[in-house]
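With the hints as your guide, set chain B onto chain A.
These protein sequence lines are chains A and B, in that order.
According to UniProt numbering, the first sequence is numbered sequentially starting from 1.
According to UniProt numbering, the second sequence is numbered sequentially starting from 1.
Since the hints were derived computationally from the structure, they do not count as laboratory data.
Just so you know, these numbers come straight off a predicted model, no measurement behind them.
Please note that the accuracy of each hint is not assured.
Claimed, not checked - A few chain A residues facing chain B, derived, Cβ under 7 Å:
| # | residue |
| --- | --- |
| 1 | Val36 |
| 2 | Ala39 |
| 3 | Pro40 |
| 4 | Met77 |
| 5 | Leu79 |
For each residue, glycine too, the CB sits at the ideal point set by N, CA and C.
For reference, the chains in residue letters:
There are 2 protein chains.
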Amino acid sequence: MIEHQDRALQVALEYYGAWASKDLEQTMSFIADDVVCDAPAGRIEGARAYRGFLESFFQLLERAELIASFGDDETAMLLYDNETVPVPSAPSVGHFTVQDGKITRIRFIFDRVPYEAAARTRQAL
Amino acid sequence: MIEHQDRALQVALEYYGAWASKDLEQTMSFIADDVVCDAPAGRIEGARAYRGFLESFFQLLERAELIASFGDDETAMLLYDNETVPVPSAPSVGHFTVQDGKITRIRFIFDRVPYEAAARTRQAL
Chain A
1 MIEHQDRALQ
11 VALEYYGAWA
21 SKDLEQTMSF
31 IADDVVCDAP
41 AGRIEGARAY
51 RGFLESFFQL
61 LERAELIASF
71 GDDETAMLLY
81 DNETVPVPSA
91 PSVGHFTVQD
101 GKITRIRFIF
111 DRVPYEAAAR
121 TRQAL
Chain B
1 MIEHQDRALQ
11 VALEYYGAWA
21 SKDLEQTMSF
31 IADDVVCDAP
41 AGRIEGARAY
51 RGFLESFFQL
61 LERAELIASF
71 GDDETAMLLY
81 DNETVPVPSA
91 PSVGHFTVQD
101 GKITRIRFIF
111 DRVPYEAAAR
121 TRQAL
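With the rest of the complex left out, here is chain A:
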């Protein structure tokens, strides 16, 4: 019998694949109804709010490249580089907690400064 010891990592990687393809329904299929997500700009609570957050971000995302992925049965951590409309390279980390195949808790870590600088440039044009 093969004992998998990285179930959370597998879910996080499947989530990431759907997310990088900007497949909203597939991405949301991995998200628990009561998901809690801490992003640099603040906390997002519940699948409905998270869907809105994804919809906004998918409009900016051009491409994502996975740099590193680690995890075990409960949690996983992914490092990826986002190419977005305003920022050509935005290294970002997601830390995911998984229960019963669904993501219940997310922490996103990335630097908002390049996004804010791009927004100021757009305003100045």
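Chain B alone, transformed into the frame defined by chain A:
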């Protein structure tokens, strides 16, 4: 014979322990002479420049709390929350590449916005 498969993680955790204690010499003992570090503000090259970067940061660091750590023989990724003089909670990630027991490559990911906001507040006082 026990086969360790997480040598990079062990080095990263020892580095982190020294770093969280603000032990400059011990922290630097894990850094390769030709280290390359990509931080949000830019690239730091070489152990001498990295030592200067640490000295500056240690003046701000009050406490660090490790949230998650993963790794294998080549790389490791740590998520921790920094309590600093200007910012009470700054979730941060380090991704480390280790060769022959020394850290040769680091990527740091954190949000600079709270640090910049704190700097503006200080200037306004």
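Status of the hints after comparison with the structure:
A distance limit of 7 Å between C-beta atoms decides the matter here; for A:Val36 the minimum to chain B is near 14 Å, and the interface restraint is violated. For A:Ala39, the shortest C-beta to C-beta distance to chain B is roughly 9 Å, which exceeds 7 Å, and the interface hint is violated. The restraint placing A:Pro40 at the interface with chain B holds, with a minimum CB-CB distance near 4 Å, inside the 7 Å limit. Nearest Cβ of chain B to the Cβ of A:Met77: about 6 Å, under the 7 Å cut. The hint holds.
A distance limit of 7 Å between C-beta atoms decides the matter here; for A:Leu79 the minimum to chain B is near 5 Å, and the interface restraint holds.
Hint check: violations occur at hints 1, 2; the rest are consistent with the structure.
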